[in-house]
Structure formats: C-alpha cells, structure tokens
Amino acid sequence: MSYDATFRVWRGNADGGDLQTFTVEVNEGEVVLDVIHRLQATQAGDLAVRWNCKAGKCGSCSAEINGRPRLMCMTRMSTFGEDETVTVTPMRAFPVVRDLVTDVSYNYDKAAQIPAFNPRQRDADGNHRMQQIDVERSQEFRKCIECFLCQDTCHVIRDHEENKKAFAGPRFLIRLAELDMHPLDVTDRKDAAQDEFGLGYCNITKCCSEVCPEGIHLTDNGIIPLKERVVDRKFDPLTFLGSKIRRRPKD
Amino acid sequence: MELERHTYDVVVVGAGGAGLRAAIEAHESGARTAVVCKSLLGKAHTVMAEGGIAAAMANLYPEDNWRVHFRDTMRGGKMLNHWRMAQLHAQEAPDRVRELEDWGALFDRTPDGLISQRDFGGHRYARLAHVGDRTGLELIRTLQQRTVALGIDVYMECTVTRLLTDEGGITGAFGYWRESGRFVAWQAPSVVLATGGIGKSYKVTSNSWEYTGDGHSLALQAGASLVNMEFVQFHPTGMVWPPSVRGILVTESVRGDGGILKNSAGNRFMFDYIPDFFRKETAETEAEADRWYDDKKNNRRPPELLPRDEVARAINSEVKAGRGTPHGGVFLDIASRRSAEYIRKRLPSMYHQFKELAEVDITAEPMEVGPTCHYVMGGVEVDPDTEAARVSGLFAAGEVAGGMHGSNRLGGNSLSDLLVFGRRAGAAAAEHARGRHGLELPDEALADAARAALAPFDREGGENPYTVQHDLQQTMHDLVGIIRTAPEMEQALERIAALKERVANLSVEGHRQYNPGWHLALDLPHMLVVSECIARAALERQESRGGHTRDDFPATDAEWAKTNLICTQAADGSVALTRQPLPQMPSDLAGIFEETA
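As they're listed, the protein sequences go chains R and H. Last residue of the first sequence: number 251 in my numbering, and the count goes up by one each step with no gaps. Last residue of the second sequence: number 597 in my numbering, and the count goes up by one each step with no gaps.
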C-alpha cells in the first residue's frame, strides 16, 4: 500500500530560492498535505506551509501542484502515478514569504475597501423576511472559503503586478455581486465595481471558476450578471439622458 | 532588545467566533481594541462548525422558548453546567442570531421567510439556525466582515506566548509574528482569551493545529483557574477511512436530517443504549423514531439523537464487541432514508468531503464513522455575567472558557456560546479598561519572555518537536481517551512528566522566519500542561458523567454531582487540584425541570 514518491518542493524566500527534491513515503488515501507534513516531521522541520482544517473548509493550504492552483488538503495522491514526480510551488500571483507561504495581504486590502453591507430596516416584529430562492443567489458566493486560488489563476494579475492597484480580482468581484444580489442590502456599488474595483478588466475567460474548490460559478453567476447590470446603467439611453438633464434653477 | 510595542484598551487573543464577537462589542463600547490571531483572519476553527447555531427562536415550533433550551442544555451536561451561564445562553442566543442578519449573514429560510431551524441531538425542538452544513463559515465570514467594516486592528499570524501581569492584574501580552519571528508587546489593561480548545493533544481529532490549549495554559500561568478539565467531548461521528482523514468531522446534521447508525449486522443498535436518564423522552421503536421527524408532539426522539457522549460510548462498545465495520467504525446511513436530491441540498459539504477524500457517495452508500476528539467542556473558570477570570483584567469566552456546558455539550450550543459570551466578555473588558491608563511593561519581564521563546534555538542536538508531539498524542489517545481507568491515567501522568523533560531539551533547525518547527516547540509546553490538567482531574473524579467515562467507576455519583474540580498552578509550577462546590441554581429555575419533564 505504501510507496516512495519523488517530491519537488520550492524552498526559499523573497530573495530567491529553488526546487528541492525529496524522496518521501506515501500511504493509502493520503493527500498532498499529508506528504508535506511528513516532510516537515522527518526531513525538513522548518518547511513553511499554511494549513488549518485539512478538510477543504478553511482555504489555507493553497499552492500550485504540478503547476495547477489547488488546495493541498483536497489533492489526493492517488491522482498521480506512483512514479510521477509531484512538484509543489507557492501561489505565483503573490509575493513569497517563505517556502510555500505567500504574502496574501493584497486580498485583505481589497476586502477592506469594499463598501460594507448596509441592511434595510427589520420588520415590525424584529425579524427579516426573505425567501429561500432569493437568498440562494448570494449564498453561492458566501460559500467562498477565501483560498485565493481564483486570484492566483486570474491572468489580469497573475503576471501583471501593475494591475493589482486597479483590479480587485475575481474573489472580490463576486463579493460585490453577492452584495448586489443580497435581499437586504440597500447600498449601490455598481459604479464602484466598475471604477474602483476594475470589473471591466475581466474578460470572462472563466479560469477562476475552473480552479474554485467550492465549485462556485464565479463568472457565469457572479461576474457576468454584475457586468450586465453595470452596462445597463451606463449605456441605457434614458439613464444617460437623465444624468445630463438638470433641473432648471428656480429663479 | 528589538521590540514592536502597541497600546490598547482591550486585546482579544483569537479570531474565531468568540474573539471576533468580543472585539466587535469592545470596539462598539468605545475601547481601542485589537485582535491577535495565529492564522489569517477568517481561518479560525469556527469555520469547521457545520450544523448550526442553537437558539430558541421558535420559528418552526412556537412551543419552543428559552426555558426549554435551558433545560435541554442542563440535562445534556448532566446538570454540572453553571446554571447562570446556561440561563444567559438560552435567553440571549436568539438576539445574537438576529443581529448576524443585520451584519450580512444569509441563513436558510422557512416557507414564511424566517430563519429555518434544524433538529439536533438533545434538543427538544428543531432549533439550529443554519446555512446548509457550513454554518460556521457563515458565522466567521459575517463577523470577519463586520470587524473589517468597523476598522478594528487585526494582528494576523501572530502568536501570544505570555500574558503580562503585575500585582494589580493584567498589563498586556507578549508574542511573535509568525512571518518574521520578531517580537511584539501589547500594553493593555484588559485581555480577552478566545483561543479555542485542546484537541491537538489527541491522535484522532477533528481539531486543527491551532488547538494546542495555549489559552488554557496562558490563563493558568497568569494565575487564573481551570474548571472541570476532565470533560472532553468525543464527537460520535468522525471519518475513519482512509487513515489520513481519520477524525475529520461528520456533522450531527446527518442524524438530525434522518440518518441512522447501524452495526455490521445491520442492526440499528442505538435502541440498545438508551440510558434511564433519557428513557422517557426517547423513542422505543424504529417506527416511533421515524414518525418523530414530522410529528414531534406524538412521538419521541430517535436514540441516534441522544447527546453526543451517549452516542460516542455506544459506538465504542459496538466496535469493541466485534460488530464494527472493516475499518473499525460503524455505519452512518442516510442514503437509504432520504432522496439523493435532499441529501445534496441539506448536506453539500458532507457530500463533497466523502466524495473527494474517501470516494464514497453518501447519497448511494453508508458512511463509516467513529468517535473523534472534538471539544473540551472544561476551561477557564469565569464569572457567568462578565466572563472575568480570577485575575483582574483577564476574560475568557468560547471553548477556552469552562462551566457553560457542564460535563457534555449539546451540538449547536457552541456557536451560540461564542456569540453570547463573546459579546459579554467584550463589553466587560471594555468596562474594565475604562480609566486604566499608563500601565508599565517592565523591561525585565519582556526580556524574560523573549529569552524563553528563543531557547529552542540555543540548544543543539536536541530532539525534534514533531516526535514529542506524536508521543503526547499517542499517550492521550491510549490512556486518557473515551473510556478511562485509574492505572492507565497514572501511567499517562508518568509519561507526561517524561515528555516535559524531553520538551525542555528540544532543539529546532533553521531561523525565526515562518518556522513551523519552532512554533511547535513553543506550543508543546501548553499542550503538556493542559494534558496534565485533563489527566489529573480525570483521575480524581471517581464517577462517570458526560464526557468523562470511568471503566472502574461506571455510575454517576450523587456527591460528585455537586462538585467541580479546579486546576491552578502551584508556586513550583506544578498543577494543583482542588474540589469546589457546584453553584446551586435558584428554585424558580429548578422548577423548570418539573414543568417540562
């Protein structure tokens, strides 16, 4: 049941680093994170890696496995051949801190810039009433575990550091979509989505949806509907006219 | 010494549900507030909570109210709960859930558009507000977004290694940045501990690496006391196969939504394990149990929904008797009882988890499950109304605090506990800080904390921390696990003493920048001291009750029913154990147990 696998793991820090090769035992049913932990415990005690739940629920152990953005805890070793070399590298879109740990503060900065949730008043009896069908649209985006794999894979920022200032990335575009579709929220963020968070940069190649470990349809259910609503507003001739015509001064 | 320094009114240690709720309340009470957490914001163990938040909102059953919830909670804890905490919890939980909606949470709905509520073990009515089976994620994301919206300072990936005190009480905290290994000190008259539990000292656990008992240990060292540490909850249903996922939680919602437990002979064995204490309220036949899901008035609860301690013990006995599954668990079957569509809708993350990690389709075949270390009922002894510990300026809320759940916690009562007591702790911490300025952090204390943190680097050729951790986990699993005996626990205490010596001689490789080996070396002393507290208290309590089962004392005992066990740190650094009478509830509350029995 057990075998020895060849692992290549990127080790280094902001100043540079390289892939180091390890031979390490693999047992039945294990995932990549188990093997990384075995390396820590037996061969590389200071190998830096983030993880928490080890069950695909917290989104901490994001990395690139054979070049593909994935959660290490949800990548089973049985998906590789026993003689296949498994290469684990840190997420490329973010600066390296050490080994497999990257500086993801870009995401926390963007999160802080989004205008906060702003609910309507409660009903007279102190409850909010919403129908299941109405909450489900936003619930899909609230499944997000903030692993930032969508951010990592998005070509707008993956190799274009310069776009980070103007573009919030797919995770935060669906946060805007979530708030826009939220049955209780009363703030309009459509202009901000376009002007401050770079909705227009996305050209809907759907790479983000493809790597999402939660199976969220970021592009189809979040970003495209948001784009449509922004466009509706911006290019609707009546709205356009309305914005140009001013009320005549009283005197 | 190079040291980053900050000044606050309230420092909250931990950013799970209790920590964030405490920080929000402290901030809104006007206190300058900081949150310090070991992981990134939003990754705390609260995300692992699946089933829901227990609150008697009566959205589905108008008969439900705080008195019924209070009664269920006390009976689930075998009456060892602090009555006042159980009362406050039951009374305030509905408001805490409603305010989450004002902060953006989106719970599943009833047909009337209200918050839906689901059935869970030990709860008389469907009571758990939920979002599919990912309620913890919804809770933490909502509180995280609220914390960010309020502009509260968050120190992410930052570990507190010591609480600082003077003769007047708390003066601050000392820690290190995980990323750089550099030290940081916070000067603050109030510290709220919200550090979660201790499960990482056990081999099979649903808990993450963060659950080292560091908050329990910091509190002890600062002079606070721990209450009833012997009560550790083994959740009846953890995954058992494959080995690498052993212990990962399988939510109680599977049973709440209709799932049943079977042994290898296909028998629904829980009917053989109904204790007298719960006999009057538990179904006697499978037919009655099955009718209960739709008609709670005329039928009684299925035995699969007995409190967790009862179910975990039953599974353990079935496996020991040779009626287990090939991988040493029992079968949890919902596939034969509910439609595939219903299962995928109600239990999406369970479906995903089994499919991805075990190649099991839970809509078509049963799961294999067994007990896993899940929660510690014991914790820092606090005042029920303010969550204040014995040390002035120190507060504790959530899993790190003790008393609320007695000897066994009901499912769903944890998320509500975080919110109710997190809020109370935050308010009391802000109040305590008012007018207390100009505290001093003596250089000597800071230098000493830094020296202690760096010690593992100074030793060469010592043992690897991962080996010591492994041996501790094996010890607790084998000797202070779900079924306990005096000789085994005595042996555990000897081994823990030997492990302490090994920890004093650890060495770590590499440097201070994001070094998990070093971090573990600093966590191990905490894990050892809480393990010692658990073993000592478990050896002392010569009865079986809730999460504490003694093979050599299998019955509950009337004298122990009135006794709490308190751990403190003695002058020589060892753990001291004393008995203390259980606070007695007033007669109007005691009357509840007659009126709804």
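Do not take every clue at face value.
[What the hints assert, rightly or not] Straight-line Cα separation of at most 25 Å, SDA-like style, residue types lysine to any residue; simulated pairs:
#1 K345/H <-> E140/R
#2 K355/H <-> T187/R
#3 K143/R <-> T363/H
In short, the hints are calculated from the structure, not lab data.
Hint check results:
{"no.": "1", "hint": "K345/H <-> E140/R", "in the structure": "12 Å, holds"}
{"no.": "2", "hint": "K355/H <-> T187/R", "in the structure": "39 Å, violated"}
{"no.": "3", "hint": "K143/R <-> T363/H", "in the structure": "21 Å, holds"}
The structure fails to meet hint 2 from the earlier list, while all remaining hints are met.
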